[in-house]
Structure formats: structure tokens, C-alpha cells
Amino acid sequence: MSDLLIGGEPEIDPSAPRLGVLRRYLRNPLAVTATVVLAVIVLACILAGVIAPGSPTFSRLDMVNAPPGGEYILGGDGAGRDVLSRLIYAGRLTLLGALITVVVASVIGVTSGLIAGYYAGVFDNIAGWAANLLIVLPGTIVLVSLFAVIGPNILLSMAVLGVMFAPSFFRVVRNQVIAVKNELYVDAARVSGLSNMRIIARHILYIVRAPIIILSASIAGAAIVVQAGLEFLGLGDPATPTWGGMLQDAYANLYTGQHLLLPPGLAIGITVGSCILIANGVRDALEGDESTRVRRPRRPKVRSQQSRPRPRTNGVPATAADNGALLSVSDLVVGYDTDTGDTKNVVHGIDLTVERGQIMGLVGESGSGKTQIALSVLGLLPAGGAVREGAVFLHGVDLAGLSPRQMRQVLGRTIGYIPQEPMSNLDPSFKIGHQLTKPMRSALRISSAEARRRAEALLERVGIPEPRRVMGSYPHQISGGMAQRVLIAGAVSCDPALLIADEPTTALDVTVQAEILDLIRDLQRERQLGVLLVTHNFGVVADICDRVAVMKSGRIVEERSVHEIFDDPRDPYTISLLASTVEGAPLRAPLTS
Amino acid sequence: MATFFLRRTIAAVVLLFAITALAYVLIYTAGGNIARNILGELATQEQIDALTTELGLDRPLVVQYVDWLRNAITGDLGISFFTGTPVVDSLATRLPVSLSLVTLSILVSTVIGVVLGVTAAVQRGWIDRGMQIFSVIAESLPNFFVGLVLVSVFAITLGLFPATGYIPLQDSVSGWISTITLPVTALVIGSIASGAQQIRSAVLDVLKKDYVRTLRARGLSEPVILFQNVLRNAAPPAVTVVSLQFIGMLSGAVLIERVFALPGLGSLAVDAAIRGDIPVIMGVLVLTAIIVVIVNLLVDLAVTWINPKARVQ
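Residue numbers (our numbering), protein chains in the order written: chain A, 20 to 612; chain B, 256 to 568.
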């Protein structure tokens, strides 16, 4: 029955902060408006007897299809009844029907979902099977068929519709229960002697309440549409005014009473729209800040001094002789747009130089801005982030002055990138061979066969025993260590001069880490690469770096050769970092501040 | 792959059994009412009993179902209580109308939905905002109301299209187009909106992935990354969305066929439901279930073919 559901099933992230969901919801003007509108509609229907100008069923022959604006504000219908009065009364049955659908669907779905998720086993299998069966049925066709059996009883039809919507609740609740069932805090509750019922009530219903609200609102909207459809087809209760029934009347009088069409149609539209906006509002509030709009990154301003000749030599800058430094970062400021429209800087003016044949370590705690520097060099800061001041020079060429096409050439040929998480950095849909050869063919303009030959040689070089088999494998078929070797092979495949390695060993097993570092070191020596190695681990720095820059809160506090830093750290932050990470380091000085 | 196909086919057959059996249980409980419906309010109890016996509705549930099933397997779905025509014949004349409506609609809505969804995800900004607003509005309005407005404006007021009726494709291409344009428009607006939304979020999900950044870091161009990597990875959820929309359109077509007086399965079902024509309703249900099962099977195959992980398992 999900075919009629608007927006699909909500995904929930149990780690998202629950606090302030209501506050975030109330700060969303669209959602608040929708809530108010829906409340007004519900109130108007409940108080129909008080606010409706007349009777919904009283017919006057002189008012048949009377145009709006006269005695009847919205005109008269095909039987001479007041459209406005009918509109207000009609909401009653419509909203009641939607309520029945939501109640039936949520009671069946939540209960069965809780049981299936908590106890699993046979019940879970049967319920899951039934849910799959119900979810593929086209709702309106089933309800039309059922009419032959249950007759013109719209509320019973809506209850049946509720059964057909139950799988949506079932799936959300069941999956959530399974997700939290084995969480430590639920174990703790069990150990401390709470009954299963209390655990379910306290922990699980608490977590699924927002998704239940989202689903309820979506299903209420869908139910109103389905109900109106049934009534429009003449399968409703002809004695009671309904919005769908009014549309049927409008259809019958389409040539003479076109004013009959809009009032019920808009009533449905506004009510359903409010439900959708409420569901969206809760979803946005639940997802928290992440869902707030991400602005497009501003294009970095091209400075006027960019009149210098632009290199067009396969990405190897022509002005290499101008400046000996392979990579030179000067006075770099990286900032992100915030919700309030301000900019928050995460890197505050740093200078950094990497020479050819040198491994520069960039070390610091997480959040110190070291990855931001690496991504700035690549020109791949996430949306909302940009280089605000300063520049990145490659062989003396300001990368900000390059066209996107030139920047792609630089990325393809001059800079190699080794990411942190090996598995998430390979495209799951393509074979390794394809992922290795595609950049080579694009950057080096070589044939497919030549690219495959080189890829095999590269894989062999990075220590993969059966290159051919791995080339024909998908990423999920190889191990994390192997995936990282593949990514290293990819990084050096187009013979770059500079390697950017962002925590290349963090996600790997300890035994694999040393091998990967050795590999990077060997490749660097073989090819005389300059390497910018981002890490939080002084052990890694000690292993392979020549120089090291220590970062704290977006600034470089100390930048010297590795020997100097280890033998004679000067900055207090460096000293405390070393003391906390390196075995056998001098005892930590007592905290003074 | 063969075992996968076999397993899905068996599941599909089980689904068909379950749907028809469930329908029979419901119809059986309504037994007496059916003859009363047919004969009208003035019929005597004797007349009702006589008709019930004549239609075989007084036999035990299992006997009725097995009898129906035995015939159904040989392609005989019985004879309409009212018109006396074989149900299979009615279905055969109605199916092309509904299928042409739904198939054309799913093509149109998929193409437009994908273009809109991908554009909104890639461009963001005002295009994205505009699409969100369009989505909420389009999803709020029932498709048959949209149909009524279209008839009112384009057929009655402007006279650009015929208000009702259907001309088969084989009779006249231009006639078919003129009779199918408004129904298709009414049917696709909502699914374009919801489809574009879901494709947008599928594309956004993929764009956030680490491997997209790595592909960029390898110097590949944005169009290459978008059309080869991003769309490929966004395809499985998109295919599922399209299949759900197809099933949703079968439902929606029931209403749209009524608005435009198209002689399709939907109007057959509505007439049969109002008259209590059980064989016809069973026929429509079985045919719908078969269509749903085929669509789901195709989608499973498509997703398996796209997603290497599913393929290996």
C-alpha cells in the first residue's frame, strides 16, 4: 500500500539528538502554519453546527447551480444546497475517516512491529510476509472490489485502508526495535530487572514516536485522498456530505456549475498539504541541523594578479622554475557558511611548504583543521566551505586562478589523493579494474589495454598478490587493507608529483598500518614524491615524516623537522601531545592552568 | 541468477494464491448480499435463495474457491452475472486502454521526474526550492481533481481536447493522442512530484559519498562522475520508486478513467463493484495482481542487475 503514501518511510538515526526536536519544529514557519491551518480546519468541522451559515442538506430549487456571491456565498450545488455549509459539514466524515485509517494502521502496525522486533522468530516471519503482501496491493482497486462485499460503508472502507497502511508502521517500528534491542542501555534495563513491557514502553516507544508522527501525518493525507476518490466514484455514503461526494456533484454539473469544482478540491488540497508539511516539518526537526539548507559554495574570487600566463602543459605547471617549492600554502583561511549567514573560520591563516621528495606531516587532534587544509589543496572542500583568504601554490601557480578544466588536469596528473576510509572511497558499483583505469585513460589519454596493463603492474607494485583477480572484483569482495592498497595505486597511477594522504592508516588494523606506511615511504622514495600526510598519530609521524607541522584550533603552533620536534619540542601544545601519545616520553608536567 | 528467478516466481505464485483466497473468504462472508444486490430491494427471500443456489454461492467456501481456481488456471475466469459475457473477454478489451494510459504515464513521469530530481540535487538553489514547493502542491491535490480541473479548463472552456472518450491507437494516432493527453497529464503530475523528490534525495545521498570526492580528486569531470557513477548508484532506489509509482498509477487510473470516461479496467471494476458482479471483480483483482507481480519481478531483476552486491548473493 506504500504506493499511496506520500514521501516514503522515514529513516531514523538513533544517534540524532532528540532534545530540541519540538523547538526546532516550532522554529519552522511553514510547519507551524500548516499545524495552525489543520487545527482551524479540524475545529471548523467540529463546530460545523455553529459556524456553518445554513443546513448542508436543505435544497432550494431556485438555488440549483446558483453562482457564488449571492445568498449562498459559494453558490448552490446541483440540488440547490448551500456549498459553503456542505463544505464545512463534509469535513467531518472526511477527517473522521482519516482518523480511523491512522488509528487502525498505527495500532496494528506498531503492536505487531514491537512484537516482531522484540521477540523475532516465527511471528516476525509471518508478519513480515503479510506486510510484504499488503504493501504491493494497489489500494484503490482493492477498496473498489471490497465495495461489492461491504457495501456503501465508507468508515469500514477506511478501516480496511488502515490495515493496508499498517505495514508502513510495522516496518519502521520493527527495524527500530531490532536496532536498539541489543543496545547496552536496553541490556542494562533488562539486567536491572525491568519487565519487557516496561522496556518497550520506556525506551523503544520513546525513540519511534517521531517517526510515528511523520507516518501518521503522511497516512492521514493519503487516506483523505483515497476516501475522496471512493466517494467521487460513487462508492461513498450518499446521504452524508463529503468532499469527495461534492466533487462527484461537481463532475455531474461540470458544464453548468463550474464553481462547484474548486471549493471541495481546495479543501482536500489544503488539508492534505498541511499533513505533508507537518510530516516534513517533523522530519526536518528530527534530522536536526544537517537538514538545514546547504548553500552552494561561493566561487572563490579570482584575484586580479591572475593575469600571469596559465599553464597548458598537461597539468605540469610551466612556471615550475619560478618557485622551487612543490606545494606552498600561504596565509590560508578556510571558512564555512553558518545557518545565520555568517562565516565561521576553521583554519586561521596558516603557511606550509612541501618540497619535492619530502614527507610533511600535519598532525593535530580531530577538529584542528588539518583535513580542511588537505581538502583546500585539492579544491574539494565540502559544500558551504571555501578558501576565504590566502592561496595554495603548486610550483608557484595559484590554484585558485585555474579554470575548472585546468584544475581537473592538475588533480589528474600532478596531485594524488589517498583518503582515510578505504571501503567508502571505492565506488561499490564498479569493478576495481574499471576504477583504476578510468582516471588513467582520462588524464593520460592512453588506450584501455595500456591502462589495464599499467593498473596490473601498479597493483603488483602495491603488494596485491593476484592483480588480475582483484581487477575483476567489486570493492565489497576485497578487504579493507587491500582496498587501501588499491586507493594508493590509484593515487600514484598518473605519476603525480604531490601526494595528499588524509589519515591513510586510521581505518586499518594495526598490523596492516605499518605495511601501508612502508608502502607510502617506498613509493615516495622511488618517485621522489612530495607528500602531505595528515594524521593525528605521532607514531605515524615518527615512522615516515621528514618535517612535521603541529596544528591546534586551526593554527600551526610549531613546524620543524621530525628530529627537532621529538628531541626538543618547544610549544607547550606539542609537548602535551607528545606526552600523551609517545611511549617512553618524559613524564607529563603537572597542569598549571 | 536462475535460483533467484525461481524463488521470486514461486513467491509471486504464492502471492496470487493468497490474494485470490483472501478475496474469496471476503466474498463468501457476504454470500447472501450478492443475490440481494443483483435482484434489488423488492426481491423475495425465495428469489434470493434461488439465485444464490443458481450462482453456486451456497456451496462451501473451499468448493467454490477450488472450482474457481481450477477454471482460472485454464484461463476461464467465469461469466459476468449481468452481461453474460466471459470475464476474460471483458478484461481483454479493457486492459489495452488502462495499460496504454499507465505505461505512457509512467514513461512521462519517470523521464520528467528523473530530470527534475537530478537537476534539483545537482543545482540546489532556487531550482531546488521551486521543485520542493511544486512537490508539496502537486502531492496535495488528488489526481482526479486535477483531471476535473483540466477537463473544465482545456476541454470545456478552451475546447482544445475532447472532454471524454477514448480512441484506440490503432484507429487513429492523432485521435489517441488527443484523448489520452489530459488523462496522462492528470495522472503524472503527482507522481512526477513524488518521484522527483525521491530521486533528488537518492542523488543527494550519493553525492555525499566519500568515493565521489575521491573521483573528483582523480581529476574526472563532473558530467562523467554524475552520469556514470552517481546515477548508477542512485539507480536502485529510483527503480524501486518507479515500480511503486506504477502500482500507484493502477490505482489512480481507476479514478482518471471515470473522469475522462475511458473504457479501461478501472471503470469495469467500479461498475462491477456497484452491481456486485463477483466474477468480474475477481477477474480484475487477479489481473491486477498479475501485473503487480510482473512489475515487482522485473524490478527485482533490474536492481539485481544494477547492484553488484545483490548480484553475488
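If you're looking for bench data, these hints aren't it; they were derived computationally from the structure.
Careful, some of the hints might be misleading.
[Claimed, not checked] Quick partial rundown of chain A residues pointing at chain B, CB under 10 Å, derived from the structure: (1) Ala139; (2) Asn144; (3) Ile145; (4) Gly147; (5) Asn151; (6) Gly158; (7) Val245; (8) Ala269; (9) Ser293; (10) Gln439; (11) Leu445; (12) Ile465; (13) Ile497; (14) Leu506; (15) Ser512.
Bear in mind that the values here come from a model prediction, so they are computed numbers and not experimental data.
Ideal placement from N, C-alpha and C gives every residue a C-beta, glycine not left out.
Hints versus structure:
Here the hint on A/Ala139 is broken, as its CB sits about 21 Å from the closest CB of chain B, past 10 Å. This hint is violated: A/Asn144 has a C-beta 13 Å from the nearest C-beta of chain B, more than the 10 Å allowed. Restraint check, A/Ile145 versus chain B: the minimum CB separation of about 12 Å is more than 10 Å; hint violated. Because the smallest distance between the Cβ of A/Gly147 and any Cβ of chain B comes to about 13 Å, over 10 Å, the interface hint for this residue is violated.
Restraint check, A/Asn151 versus chain B: the minimum CB separation of about 8 Å is within 10 Å; hint holds. A hinted interface residue such as A/Gly158 counts as satisfied when its beta carbon comes closer than 10 Å to some beta carbon of chain B; here the least separation is about 6 Å, so the hint holds. Hint on A/Val245 holds. Least Cβ distance to chain B is approximately 8 Å, under the 10 Å limit. Look at A/Ala269: its Cβ gets to within about 7 Å of chain B, closer than 10 Å, so that hint holds up.
Among the interface hints, the one on A/Ser293 holds; its C-beta lies about 8 Å from the nearest C-beta in chain B, closer than the 10 Å criterion. With a least beta-carbon distance of about 8 Å to chain B, the hint placing A/Gln439 at the interface is held under the 10 Å criterion. Taking 10 Å as the C-beta cut-off, the interface hint given for A/Leu445 holds, the closest approach to chain B being about 6 Å. A least Cβ separation of about 14 Å between A/Ile465 and chain B goes past the 10 Å threshold, and the interface hint is therefore violated.
Taking 10 Å as the C-beta contact cut-off toward chain B, the hint placing A/Ile497 at the interface is violated, the least distance being around 12 Å. The criterion of a C-beta within 10 Å of any C-beta in chain B is met by A/Leu506, whose closest approach is roughly 7 Å, and the hint holds. Checking A/Ser512 against chain B by beta carbon gives a least distance of about 8 Å; that is within 10 Å, so the hint holds.
Violated hints for the displayed structure, listed by number in ascending order: 1, 2, 3, 4, 12 and 13.
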